[in-house]
Amino acid sequence: MSRLAYRAERTFAAPHAHGDGSVGQTMFLVQLALTPATLFGFWLYGWPAFFLWTTTLVSALVFEFFCLRLMGRKAPGRALADGSALLSGWLLAMTLPPWSPWWVGCLGAFIAIVVGKQVFGGLGQNVFNPAMVARVALLISFPLQLTAWVTPLPLVGAGAPGFVDGLYIFLGQTPLPDAMTSASLLGFAKTELARGAELSQAFAAVGAPQVSWLGVRAGSLGESSALLIALGGAFLLGVGIIRWHAPVGVLAGTLIPALIAHALAPERFLDAHTHLFSGALLLGAFFIATDYVTTPATAAGRLAFGLGVGLVTWVIRSLGGYPEGVAFAVLLMNGITPLIDRCTRPRILGRTRGGEAIAAVGKEA
Amino acid sequence: MGLLEKIFASTWGVHPQDYKRPAADLAARAMPTPERLFVPLAQHLGAPALPTVLVGQKVKKGERLADPQGAVSAAIHAPTSGTVSAIGEIAAPHPSGLPVLAVTIDADGADEWCELAPCDDPFALDPDEIGRRVAQAGVVGMGGAAFPSALKLSSSKKAGVNTLVINGGECEPYLSCDDRLMRDEAAAIVDGVRVMLHATGAKRALVGIEDNKPEAIAAMTLAAAPFGDVTVRAVPARYPMGSERQLVLTLTGREIPAGRLPADAGVVVHNVGTARAVSEAIRYGRPLVERLLTVNGGAACAPGNVLAPVGALVEDVLAFAGGLKGEPARLVMGGPMMGMALPHARVPVVKGTSGILALSAAEAVEHEREPCIRCATCVRACPMGLLPLEMARHIESDDLKGAVDIGLKDCIACGCCSYVCPAHVPLVQLFAFAKGSLAAEDRAKQRLEATRKLAQAKNERMAAEAREKAEAAARRKAERAAAKAKAEAEAAAANAEAA
Ligand code: SF4
Ligand code: SF4
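Note that the protein sequences, when read in sequence, are chains A and B.
The first sequence begins at 1 in our numbering and counts up by one.
The second sequence begins at 1 in our numbering and counts up by one.
I should point out that these hints are in silico values taken from the structure, not numbers from a laboratory.
Glycine included, each C-beta is placed from N, C-alpha and C at the ideal position.
Accuracy of the hints is not assured; some may be wrong.
Listed next, the in silico DMTMM-like pairs over lysine to aspartate or glutamate satisfying Cα-Cα at most 25 Å (straight line) [to be verified]: (1) B:K435 <-> A:E356; (2) B:K325 <-> A:D341; (3) B:K409 <-> A:E9; (4) B:K409 <-> A:E356; (5) A:K74 <-> B:E215; (6) B:K60 <-> B:E112; (7) B:K58 <-> B:E35; (8) A:K74 <-> B:E35; (9) B:K458 <-> B:E471; (10) B:K409 <-> B:D398; (11) B:K409 <-> B:E244; (12) B:K203 <-> B:D121; (13) A:K74 <-> B:E396; (14) B:K458 <-> B:E479.
Which chain A residues stay away from chain B? Per the calculated CB distances, all over 10 Å, these [stated by the list, open to error]: (15) A252; (16) L264; (17) H273; (18) A297.
Take these sequences, add in the hints, and give me the full structure.
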């Protein structure tokens with residue numbers, strides 16, 4: 001019979017098959033899910049927003065590239081293709097005031113990639129969500145720029161800055177016109193409460209809070225359209241990139257206390273509806289609290305993590321000094337992720353939760 | 001199951017594309033006996049068998065070639081009639097290709113059976129006698145692990161198992177020999193199951209078949225219909241459903257305690273192929289000398305199931321099954337999830353060979369490893385409830401103890417984690433490596449302990465000898481002293497007398 005010349009050039013260990021997933025594909029799908037909200041944001045806030053977004057993403061890639069080079073990684077270009085740096089930059093851009101000057105995006109990307117990620121050892125090693133690290137660092141260092149929200153001026157609308165004007169705003173050459181700066185809804189509520197006003201009066205003076213699914217309002221790219229962010233989230237749930245535990249945890253963690261508090265003291269606490277549709281709650285629920293690297297590995301752990309983020313967010317929004325608390329809440333919970341992981345280890349088959357072998361059953365049956 | 005466990009109900013396992021059809025739907029082909037067969041003496045778990053034939057001896061098909069040796073072992077028989085032309089080393093069906101002892105038989109072409117001892121009424125036999133005959137026929141588990149079946153039968157009886165689980169899961173992709181066997185030989189399988197019920201004293205048999213094999217389920221249900229104690233059940237198609245712990249849990253709801261055997265939960269598991277081999281051994285007295293196996297893979301020209309004699313070379317089987325489309329990227333014995341890559345095609349088929357896969361380059365892609373992104377897909381896939389990512393982290397930072405503490409020893413090496421990992425971290429490979437080092441450590445420790453004991457014994461012996469010597473010396477000294485004293489006393493007495 002015929003001789004088969006085949007010789008294995010080395011030993012291969014099982015399994016000899018692999019599923020379809022890859023890191024790059026995962027990152028790509030998340031980016032895809034962010035796209036509708038991002039495009040809507042461009043339309044809402046015009047050219048400056050587009051410039052800022054681009055700058056942040058490109059900076060993130062550049063910093064990642066240099067870090068990889070510095071650490072002597074072979075083919076740093078290929079490692080870039082996993083898309084993780086791009087995603088961090090993108091998520092950061094989603095949380096910045098859309099008319100921030102260029103250096104905000106650039107510095108933010110630096111903090112996210114270098115301080116938030118590579119210092120820890122790169123992809124998979126960081127303890128804190130890089131985008132949130134950058135966001136919080138910027139907020140603390142440059143409170144003015146980071147709270148300079150603008151009223152949406154749809155790209156095509158009258159008064160929207162054109163390409164060149166947009167460039168000037170982006171370069172920080174044009175101060176934001178007063179008529180266009182606006183507090184975010186949460187910021188407004190916080191200021192009013194700080195003045196001792198009651199919420200209902202405060203809102204009565206400026207008209208009822210404008211919160212809607214569509215979200216044409218002052219905010220960051222990732223805060224404006226609740227609908228599109230939720231849609232992106234649903235897409236990720238659908239393709240199995242994320243699971244429901246963390247998002248449901250975040251939403252429940254904020255909305256349940258909000259419902260109760262508002263029912264008890266409507267003059268002091270915002271209603272659940274406003275909490276849901278303002279700020280970065282939905283972005284946080286679907287895109288931040290679902291970050292693999294910085295959240296627990298088990299389903300139970302992720303639910304606990306989400307609840308924690310939601311609750312802390314509500315506490316900061318309602319009782320703390322900052323109008324928005326998602327970023328702080330995420331960082332706090334990132335910090336205790338190893339603890340959650342330890343407490344929510346799955347039960348090993350054939351063992352009790354404590355790790356002892358279970359008692360044998362079935363011999364009598 | 002508590003509410004919490006329900007919400008977080010584990011979705012263990014993976015759903016790889018199974019590539020079972022069209023191979024499963026084609027009639028099985030019997031391979032003519034090749035001119036030369038290489039029958040390894042270690043085809044089973046345990047000690048290799050001891051040859052009982054001499055070079056040059058003529059043997060008939062089914063004649064004993066080697067006796068079981070030691071507590072866990074199995075007999076080996078001639079797969080065809082012919083002459084023993086050599087007893088020596090050949091390349092083993094193992095990735096290392098290290099040599100194993102084998103009996104080489106030059107077939108005479110007659111394929112003539114030796115005299116067999118059939119039995120018309122197995123149920124009149126004593127259960128122990130069934131175990132003896134199964135042992136004589138050299139039957140081993142045909143699902144892959146190749147544990148001597150007779151031992152499993154007798155230990156089940158001793159342990160008092162009440163349920164016999166028959167594994168028709170065949171959850172490994174590409175393989176369809178069990179499927180084919182169930183469609184074609186359902187009656188023989190059910191007969192074997194009933195014989196095993198008799199031999200083990202179990203009250204009922206549950207046959208678990210994955211629901212992606214409706215034809216097999218239909219055939220088996222029909223064959224089992226007359227017998228109230230044999231029930232065929234469809235189980236969800238999901239890898240590794242055919243793994244002992246998972247199948248027992250699914251079929252009986254019983255969880256086997258960690259580190260224990262199914263018998264501790266009143267269950268014993270046998271494969272459908274084994275059931276058929278038992279029936280053949282008891283009804284017709286035929287030893288296990290051939291088996292149905294699947295030839296499949298992208299590089300195989302005509303995937304299908306082949307009835308091949310034990311000892312046939314993989315290259316002969318492949319050639320018979322239609323040959324290959326060029327050079328395969330990888331040759332695998334067994335399934336793609338747990339099978340082993342062969343060093344070359346000149347290794348023999350053994351009793352536990354369920355398939356031969358010739359994988360094309362597109363199937364055996366090697367992915368570059370990326371950093372773990374903690375996506376926890378591996379956690380969800382693990383059928384044992386382990387944390388593969390954490391175990392890998394411990395192992396890669398040389399902390400084997402840390403890995404053991406979180407369950408390394410409970411890992412069944414199913415490979416689900418590696419299969420799903422998007423970063424292509426070689427998880428199960430790391431676990432295999434770690435288990436290997438642990439075993440080596442254990443052996444070293446045992447050796448050390450043995451050496452220590454020896455040294456201690458030697459020291460004790462020497463101390464005892466020294467003590468004896470010292471005592472003897474002391475005794476002698478005392479004797480001398482006594483003699484001297486006596487002499488002095490005598491002398492003194494003599495002096496006194498003289499004075
Ligand atoms: S599947 Fe791979 S990348 Fe994901 S957590 Fe497990 S080891 Fe890490
Ligand atoms: S190989 Fe081990 S760790 Fe990986 S999925 Fe299977 S049992 Fe779990």
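Results for each hint:
{"no.": "1", "hint": "B:K435 <-> A:E356", "result": "20 Å, holds"}
{"no.": "2", "hint": "B:K325 <-> A:D341", "result": "49 Å, violated"}
{"no.": "3", "hint": "B:K409 <-> A:E9", "result": "31 Å, violated"}
{"no.": "4", "hint": "B:K409 <-> A:E356", "result": "13 Å, holds"}
{"no.": "5", "hint": "A:K74 <-> B:E215", "result": "52 Å, violated"}
{"no.": "6", "hint": "B:K60 <-> B:E112", "result": "6 Å, holds"}
{"no.": "7", "hint": "B:K58 <-> B:E35", "result": "15 Å, holds"}
{"no.": "8", "hint": "A:K74 <-> B:E35", "result": "53 Å, violated"}
{"no.": "9", "hint": "B:K458 <-> B:E471", "result": "19 Å, holds"}
{"no.": "10", "hint": "B:K409 <-> B:D398", "result": "16 Å, holds"}
{"no.": "11", "hint": "B:K409 <-> B:E244", "result": "16 Å, holds"}
{"no.": "12", "hint": "B:K203 <-> B:D121", "result": "19 Å, holds"}
{"no.": "13", "hint": "A:K74 <-> B:E396", "result": "20 Å, holds"}
{"no.": "14", "hint": "B:K458 <-> B:E479", "result": "31 Å, violated"}
{"no.": "15", "hint": "A252", "result": "13 Å, holds"}
{"no.": "16", "hint": "L264", "result": "29 Å, holds"}
{"no.": "17", "hint": "H273", "result": "27 Å, holds"}
{"no.": "18", "hint": "A297", "result": "4 Å, violated"}
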